[in-house]
Amino acid sequence: MRLIIVSGLFAIVLPFAIGLFATKKRVGLDVSERFLERLDEIPSGATEQQRELSSGNLKNWMADHPVSAAQYARYVMPMDILYLLALGSFLGLASNWLAADMQWPASFAGIPIWIWLWLLPALYIVADIIEDSMIAMLMTSPRLIKPVTVRALTRIKGIKIGSVGAAMLQTAVLGVLTLLWSNGA
Numbered sequence: 026m027r028l029i030i031v032s033g034l035f036a037i038v039l040p041f042a043i044g045l046f047a048t049k050k051r052v053g054l055d056v057s058e059r060f061l062e063r064l065d066e067i068p069s070g071a072t073e074q075q076r077e078l079s080s081g082n083l084k085n086w087m088a089d090h091p092v093s094a095a096q097y098a099r100y101v102m103p104m105d106i107l108y109l110l111a112l113g114s115f116l117g118l119a120s121n122w123l124a125a126d127m128q129w130p131a132s133f134a135g136i137p138i139w140i141w142l143w144l145l146p147a148l149y150i151v152a153d154i155i156e157d158s159m160i161a162m163l164m165t166s167p168r169l170i171k172p173v174t175v176r177a178l179t180r181i182k183g184i185k186i187g188s189v190g191a192a193m194l195q196t197a198v199l200g201v202l203t204l205l206w207s208n209g210a
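For the sequence shown, the working numbering gives the first residue as 26, with consecutive numbering after it.
Simulated from the structure, these hints should not be mistaken for laboratory data. Heads up, none of these hints are tricks.
Distance windows between CB atoms, simulated:
hint: 1; residue 1: Thr-179; residue 2: Ala-88; range: 19 to 25 angstroms
hint: 2; residue 1: Asn-85; residue 2: Gly-190; range: 27 to 33 angstroms
hint: 3; residue 1: Pro-172; residue 2: Phe-133; range: 44 to 50 angstroms
hint: 4; residue 1: Pro-172; residue 2: Ala-125; range: 44 to 50 angstroms
Cβ atoms here follow ideal geometry from the backbone N, Cα and C, with glycine treated the same way.
Input sequences plus hints: build the corresponding full structure.
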């Protein structure tokens, strides 16, 4: 239970800490928006065509913002790894704790439910680590920026967002089911 609370606390606090560090003044508009993790565009692009997240625009952005690119890789990504571990751990641990507190219907008896409950949080953790690693590599090695790597980054971002949303929904549904099927502990 303590580990659930601590991981939940870090999952709540770390976004604020990252936001306090990654201000527009310190890391620039684009990195403060965490554009590679959240958006499908480059916020500082002057025209709609320049805002499109493409390999050419990303290379141009890096040439124009080398300090911001380095800070994204060196400071923001390590903090994001701490966050994803805290959030993923919270979702997995909370789901398991809630499931253990339930009186499951007989049809579920004997099924190793903990395995299923860790699938979505684990998928989120793996996808976000891959995304963070790709961002760090791209921000430090512009020669790796190609159409295929930008497409891969966009796809892994979709997997990350989908899996964390599904893991959050799983935890919420288990919380409601615990109210209905509680062991009374």
